Amino acid sequence: MELPTLVASVIVVSLYVNLGIALYGIFARPSLVKKLLAITILSDTANAFAVLVGYRWPRTGTPQPPVLMNTTNYNESIKYYIEHAVDPLPQALVLTAIVIGLAVTLFIAFVIIQYYRLYGTVNVRKTATSSR
Amino acid sequence: MINEILVYVGEALVLIGVFCDIAASIGMLRFPNFYTRMHAATVGTIGGAVVPLIGVALMALGCDWLGTYRFFLAGASIVAGILIMLLAPVGTHVLALAAHRAGLAPKKPLVFDHLEEERARRND
Amino acid sequence: MTRKTLASIPAAILSFVIYLFYTGSLGLFDVITGAIVAVIIGLLVGNIVVENPGKALSIRRGFLMLIYIIWYFLVAETKAHIDVIKRALHPKMPLNPAIIKVPYNVSTDYAMTLIANSITNTPGTVVVDLDYENKYFFVHWLDAKTSDPLKAREIISSKFEEFAKKIFD
Amino acid sequence: MKKSEICVIISIVIFIFSLAYITSLGGLGYLPPVDVRKLAQIYLASTYNPYQPTNTSSGYESVTAIIWDFRGLDTFFETAVFYGAIIASVAIYRGVEISSKKKSIGMSPIAKTVTRLSLILIPIVAASIAFHGHLTPGGGFQAGSVATVVIVLSIMVFGLRRLVQKGVTKPKILLLRSLGLIGIGLTAIGLVLAGLVIGVNAYIFQNQAKAMAEISYPMWIDDVLFGGSLLFFNIFEFVAVMAGFTLVLMLFSIEEEEVKKVIK
Amino acid sequence: MSLEQQVVTFILYVFPLYLFAFTLYIIRALKGPTIPDTVLAIDALSFDIAAFLALLSIIYRSPILIACTIVLALWVYALDIYVSKYFTHKELGE
Amino acid sequence: MIEIFTLAFLMLISVTSVIAAFKAIIEKDMVRAIVYSAIQSAMYALIFYVLMAPDIVLVYIPVSVGITPAILLFVTKKTERRDGD
Amino acid sequence: MMHENLIPIGIIPLLLTIAAFIIPLLSIVIKKKLFYHVYALIFSIVALIYTVLNYYIVNILYGKPIAYFFGGWIAPIGIAYVVDGLGSVLGLLIGVDMLFIVVYSVWYMWNEEGVEWYYALLLLLEASMIGIVYTGDMFNLFVMIELLAISAYGLVAFYRNKKEAIEATIKYSLIGATATTMFFLSIVFLYGTYGTVNMADLAVKARLPWICETFNEACRFFSAYSGVSYGNPMLATAIAIVFALWAFTFKAAIFPNHFWLPDAHPEAPTPVSAALSGLVVKMGAYSTLRVLYTVFGLGSLIDIPTGAGLSLRDVIAYIVLILGAVSAIAGSLVMIIQNDIKRILAYSTIAHLGLIFMGIGAVMHGSSKAVVTAAVTAVVFHIINHSFGKTLAFMVSGVYIKAVGTRDILELRGVGRLLPVTSTALVISLLHLLGVPPLGGFFSKLLLYNALMMSGQIIFAIILVLSAAISMLGYMRVVINIIVPPRPSKYIGVIREHIVPSTLFAVLIATIIGIGILSMVGGVVYLESIVGSTGWIDGIREYINSILSFYASVK
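Chains as they are written, first to last, in the working numbering: chain A, 1 to 132; chain B, 1001 to 1124; chain C, 2001 to 2169; chain D, 3001 to 3264; chain E, 4001 to 4094; chain F, 5001 to 5085; chain G, 6001 to 6555.
FYI, nobody ran anything at the bench for these hints, they're computed from the structure.
Here the structure is a predicted model, which means the values were calculated and not measured.
Ideal Cβ positions, reconstructed from N, Cα and C, are used throughout, including at glycine.
A portion of the hints provided could be inaccurate.
To be verified - Covered by chain G, according to a simulated footprint, are these stretches of chain A (three or more residues, beta-carbon under 8 Å):
#1 33-42
#2 107-117
Unchecked claim - Simulated coverage check for chain F against chain E, where a stretch passes if three residues somewhere in it have a Cβ under 8 Å from a Cβ of chain E:
#3 5002-5008
#4 5061-5074
For reference, chain A alone in the conformation it holds in the complex:
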């Protein structure tokens, strides 16, 4: 296997494992706070996935961040830029997704606190058994 592919596959494998762990946390752990934590891990993993999709390995040299750094000789530098910079679109999408995930997390956190005020616990199993 070529080295860049190896790099990608190492990350992919770890991301998949994390995805599974996060899903387990969401569906199987009783505490609401733990579920919230698992959701943040899940969305982080999805974001990492998106960034990985935008990664590239140029023919020569190392990949560059998508920021134009050198504009002295426009034609040459833009050519170098296109040949070496990684894909900016997934990064922009991820940026949006991170903020959205944070917003949802914020709101759920408020609701969990309110839930505790009303029920006296954040353990869904306990509330489920007490209400029946």
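Chain A is fixed; fit chains B, C, D, E, F and G onto it per the hints.
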């Protein structure tokens, strides 16, 4: 010529940093409790982070193939170094305070503890 | 009003310098934005950060600070680092830890913080707690040579205190 | 281990393995590729292109250009999502006031002094990130979240009530937040409004002139790359995000006693 | 050997040493045994990684990557403050 | 050469992120879990750094290392610390 | 093409969002509640005007799908709003229905604390829904769905001191956040393989190389901007659709993801229940329709039959059909045993969404144009009918609840007799939902039945009838309990009709009956002419062409 000097001084500082880093990490592993590990962590932050950051700044000033953004690199590294020097001790201090007040970490081995005595005296 | 405006001047100057330093460029854009940022920050937080504008603008104190930093890095830190690294790598790991009361005698918060941070930043001593009213630090000392607070002050912090007094008091 | 838990684990394992299998069969193409996708090449090429003024966004930074120019709408509504979360939280906490009568406790004096110093340092870093959003990595949101450090530290180190005594009150923060958001909105439709006045056609979220809409935000001001609408967006977003985080953290740190007077 | 090559070689020699140190820190961070231990290890690790990232930005030839380090240092400090406030006070916002 | 070291670095941080995520989910003490999730987030930030996404690192570290743990700690402080069965 | 004509298409969600942005500023200055009622009313009227205008632009002025490009960037580079017949019809529906809901809110929330935040969230809700039906971009769809979700969560949690409301919000938001994250992952897969997130572009890429023969222009245009596919598009599409459907079925409360709806809808303030049941869940159905018909519809690469004779799309369609059928049956069965009037209506929503999804799943590989047209028309028509019917039903329940203070139909016995207008509205809305001939509900169910029969899904057609029959029992129980018994003595003279809801009910009843009459005199044919082509090749072609024509006009 000036580039070479900057780069060599920077490299020397980075080398010191790496050495401190490794020593600190070994200390982190070997020391027996939280309070003693704090000292190792200090080695890691001052020797292992601030010194190499200054070194990197010097190196960057010497690396003229990086373009004009190398000044940004240098400035940001030094500001980062200053920030770490300012903030890291406070972090250690508040952690130690919390650990001591809430009794989070075992205190042994400890020869004597004036703080505990003081607290006992105040509670009487 | 006047005191607030005065206090914002050193804050603004400091902000401006750090802004340019961080940006690493002296272009027109950076200078203009830096000036705007410096004025805003100076007005907003100036009177919180700066206690005495006269002291903050004093060149002598700044010069002393520079000397202190150089001395601190070259002498105090080096000694302490070597000591702790030796202990960490030593096969037997000789440790003699203790929490000791160390008195200090400076009046301003900044001076106190300078001493405390200097103590914590030198490996081997960490400020665990402080008694703000009676002016004591409680220092966790990796190699407690003595249990007497005054002697400990001599070993740990007397030099820092000298400088702190000169710079901030 | 309960039975249901084992079921969950098994289904998740199957799910993950099928996903991994599909990826290994090329569900995402060859990772990582040698060349970026065509669309990305277009983005990279037209981020900064002084020779084609109708086909460029005015900055060096492709990500910021995508966020605020090529795909500005997404970011606008992302801000709206954040705003919605804050409004929903404020709605839950409606009626709760922060009393500033009691004295706050705060943390150790050392931490207080250093935090006071960082009140200068951190906003500078944040402001630099915001103002250089179109030149170096960063932008409004990044700067806002860096500046939030100050807020978190102040709340934790000095105490919330101290902050309120110093004049950081809920209405003021809401005002700031609202002003930032309105700034974003106005920047988005700014050229449309200008076009209506002058009588020129313009698009929503337009930054530089386009083929059928010859009106644009300034790209250069006297040899300095100004960034057109990107700069305005970044600054307003900076203000809005900082105020938003401040509001949320203030709501979080209201003490339970105070809250329980109103809620439940 | 040009200066550029020399710098790159130097960083390449330093690289594994850093990785070794990080591994040890990470072991301490994951092992614990107490919460302050973990936080302290993250602290030291992050500050060191900050320095390491500065080196990486030289070797990747993208000086603008440096902006990340300062943010890392800042927020890890904030983590210290949260955790200690959690253990020393009754409410976090006091 | 640099590629191999980058690969090693990536392996280290991805393995750490997996372990930290696992411990964060399994751990019964919420404060510990939050600290572990902070480790996991920091490791992701490093992955983003190596994948050349400085913008994301700049926004991700504040959000995931800074604000999310703060919020979760607020929630934990106001609710209960143990995630018991 | 005059481009300034098109600004109404792009501006409306933006305008509503900015209106919501201004509310905190106003809340500092103005404390009077009346102001916020008027404010929301004004902006919902503005939204209605704009949606009518867009309907006019799309269907009458140009008669073809219209694209609006934000920032002036051509589609795969920038974001485009592509409004076709389907989008404009649903946008109009949202505008009208939200106006009703805001008017009702003015009465219902008159004295409520924190009404400014309520209206801010309601405006965001409206903006997000209009954005969803107008957008032509996958990622923008994700953002709008998140905006919809967050404002819906906030509105459900509005009664913060009610235990059930908070529990419902927790259920709704925790799994909702997971589902939308999965949708984001699906977009990542789509971008990874197709190299684009624009819907029209995806539609072209999914039909390569077949579309290059028939519609070479689009093929060349889009490959100039976003290349051709990378990797294995078939697998990526499959996984992306699975993920996306998870999110959409969650939003639409289809069987495995239905659990949140019976908790969330009743616990919200009643106008919000009306909005949630009437419009919000429909957004899941709309998104499914868009993805399974326009983007990955007939003729796309997942529509190619494999060895077993079924194509991948057929499998998905069967899954959608089965899930829809299960929801329809289960929703109507559970509805019978409920005593809570809003819960009954909530379960009825699940049943109706099941019917809508059955209509969506009716189109298989090799379906003729007639089937596609019938299915889409039936689905849209049923969405419209159910939207008005359920809005009316919830509003009626709100009047009862406000009058008596309970939601239990056993305690509401006879109350209906004291409120004649309201009870008339209740009977008509329930008959409409049930599908009794002169009303609109009958025609849409007939169309659904027709579509299912035409595509050969006889079993599912029978299930449709069965579901209607079962749900009749539930509706009957409501009517029998509320209206038939004698009037309770303790309420005589205490509760009276209020002018605002009564007028509103009259308007809504007129709308429902009007829809019924219109559908008898050719309304269905008209609707078919507008939305029918969605999903068939000429409709998709027009959808794609809307972007190309901009390009041509620029050139």
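*Report the numbers of all earlier hints that the structure fails to satisfy, in ascending order.*
Violated hints: none at all, because every hint is consistent with the structure.
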